[in-house]
Amino acid sequence: MPERMFTLLIWGAALLVTGALLWLLADTVLQGVAHLSWAFIVDAPEHAGRDGGIGPILVSTLCILGVALLVSLPLGLGAAIWLAEFSRQGGFLGQIIRLSLDVLAGVPSIVYGLFGNAFFSLFLGFGFSILSGGLTLACMIIPVFIRSCEAGLSAIDHGWRHGALALGMSRSTAVWYILLPAAAPAIIAGLMLGIGRATAETAALIFTSGYVDRMPESWMDSGRALAVHIYDLSMNVTGGNAAAYASALVLVTLIVLLNVLAQAMTDRWVKRRIFSA
Amino acid sequence: MTINNSTTAYTLGNMTLGQACCTPVPHLQIKKLSIAYAGNTVLDDVSLDIYKGCITALIGPSGCGKTSFLSSLNCLLALIPQASVTGHIYFDRDDIIHDAIDTMRLRRRIGMIFQKPNPFPLSIRRNLTLPLREHGVRNRYLLAEKVEQALKDVGLWDEVKDRLDGSALALSGGQQQRLCIARALVLEPEILLMDEPCSALDPIASGVVESLIKRLQGRYTVVIVTHNLAQARRVANYAAFFWMKERVGTLIEFGRCVNVFEHPRNPLTLAYVRGQAG
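Chains as they are written, first to last, in our numbering: chain A, 1 to 277; chain B, 1001 to 1278.
Bound-form chain A, shown alone:
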């Protein structure tokens, strides 16, 4: 009997979680799909977003995400490699950095927004711009990304490291050809988490990349992100619900597409590392 209870509980928990997610998705799809059209995706918004589309907003979102990834990927990977492979085991510096990253990963995004506004927008003079927004998002993604990559690298069997060294291979070769491909699943997981967080972010972007819903003309232009647009439509614009749902549907689809793309690119990269003679 306890066995049956246990099974029931586990099934219940699993169903509850998937159910909630499915409901959320179904709600978004059902309410959003009516308003969705090709014109909606490419047109500029009119009447504060009640009419028209989300073309410029989509472009701004991708640009902000691009800046964030361009900065956080190399920095994050480099830091993770240093922490996992080159820092002294149990060393003071490594511990301090890990602790700082864990604290930073837990900081609310609004705080990143204020920091980004003070540092990138005002102090560095980037103003309300795609650049400021992207850099702020990068700051936000990096701690989680580093810890995820580091965990992936640290979980790798020591046998491979010793094997590579015993063959007289340099540590950079070992990292590049053996350890990074082996840690690829963890790196992807960290990347997807980052993409998800960055694309869904509002609080950190309101003060940094701003509200302007025109098509951006350069990195220094202000650009409204999709999540900010949804927030604005649902909170400040009466009669904006239909457009908000449609935008949410686009946002969810975008995140799924980006994840698939990241997975495919990493797969290709790993295959090339493994099989090229």
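Keep in mind the hints are simulated off the structure, nothing from the lab.
A few of these clues could be false.
Keeping only pairs whose Cα atoms sit at most 35 Å apart, straight-line, the calculated DSBU-like set for lysine-lysine is [what the hints assert, rightly or not]:
{"hint": "1", "chain 1": "A", "residue 1": "271", "chain 2": "B", "residue 2": "1116"}
{"hint": "2", "chain 1": "B", "residue 1": "1161", "chain 2": "A", "residue 2": "271"}
{"hint": "3", "chain 1": "B", "residue 1": "1161", "chain 2": "B", "residue 2": "1116"}
Here are a few chain A residues that sit away from chain B, every Cβ distance over 10 Å (derived from the structure) [as the list claims (entries may be wrong)]:
{"hint": "4", "residue": "26"}
{"hint": "5", "residue": "29"}
{"hint": "6", "residue": "31"}
{"hint": "7", "residue": "42"}
{"hint": "8", "residue": "75"}
{"hint": "9", "residue": "78"}
{"hint": "10", "residue": "182"}
Beta carbons: idealized from backbone N, C-alpha and C, even for Gly.
Given the structure of chain A, go ahead and fit chain B onto it with the hints provided.
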């Protein structure tokens, strides 16, 4: 015969008994080697010669420093934080502990096989070409030739020639270990260090790897750590018996394998090889 003018060949045990299996020309000379981790000595005052082209087995109970000793021979121990090595290891006129040597080159000349087979998570071919490329071999034909030769040397060629681009991790444990040996051999080392290479394998795979090790005799100098006394007897020309004295590992007896097993000079060795101690 000596490698280094200031040192002479070091042997223990009665050398007149038993058949001469290979000429005792020292390839590595170890003098007063001690190893400590964070100030705790684990191996103390070991002096011994490793003879060229011979197979030397290191036997003794767990924890007496055999593996530490083995990994000091290719400077792998130096990578462990807080490990310190004192004494001398002479190889080709250099003292690899004190002289400034190129450890990458040294490790190319002194290969190592680990207890747990550790083929890289790459294709079978790439497991062999990656170290070759690292050491400057770029020519495609030469690479292919060396890969084939190394796989033939370990008797793996017929088993894997049709799936060289398949994952090395799909091989069985015994095949993986032979691939690791091939990966070491492809760099044409002079010495091979083996840390219990058969202990993670089933008896049949273990037998295959053992016969392979036997065939290496003469072409390579082999130092093998093993807990399998019968195996040490079957493959080795020389045996070194390590034991714990007051929680510190030390070398008790070194000599021709047959002497160590049949006519040990030290009562501890006798007790160990007869299974009465350890």
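Here's how the hints hold up against the structure:
no.: 1; hint: 271(A) / 1116(B); verdict: 25 Å, holds
no.: 2; hint: 1161(B) / 271(A); verdict: 20 Å, holds
no.: 3; hint: 1161(B) / 1116(B); verdict: 24 Å, holds
no.: 4; hint: 26; verdict: 40 Å, holds
no.: 5; hint: 29; verdict: 40 Å, holds
no.: 6; hint: 31; verdict: 46 Å, holds
no.: 7; hint: 42; verdict: 44 Å, holds
no.: 8; hint: 75; verdict: 26 Å, holds
no.: 9; hint: 78; verdict: 22 Å, holds
no.: 10; hint: 182; verdict: 5 Å, violated
In terms of the numbered hints stated before, the structure departs from hint 10 and from no other.
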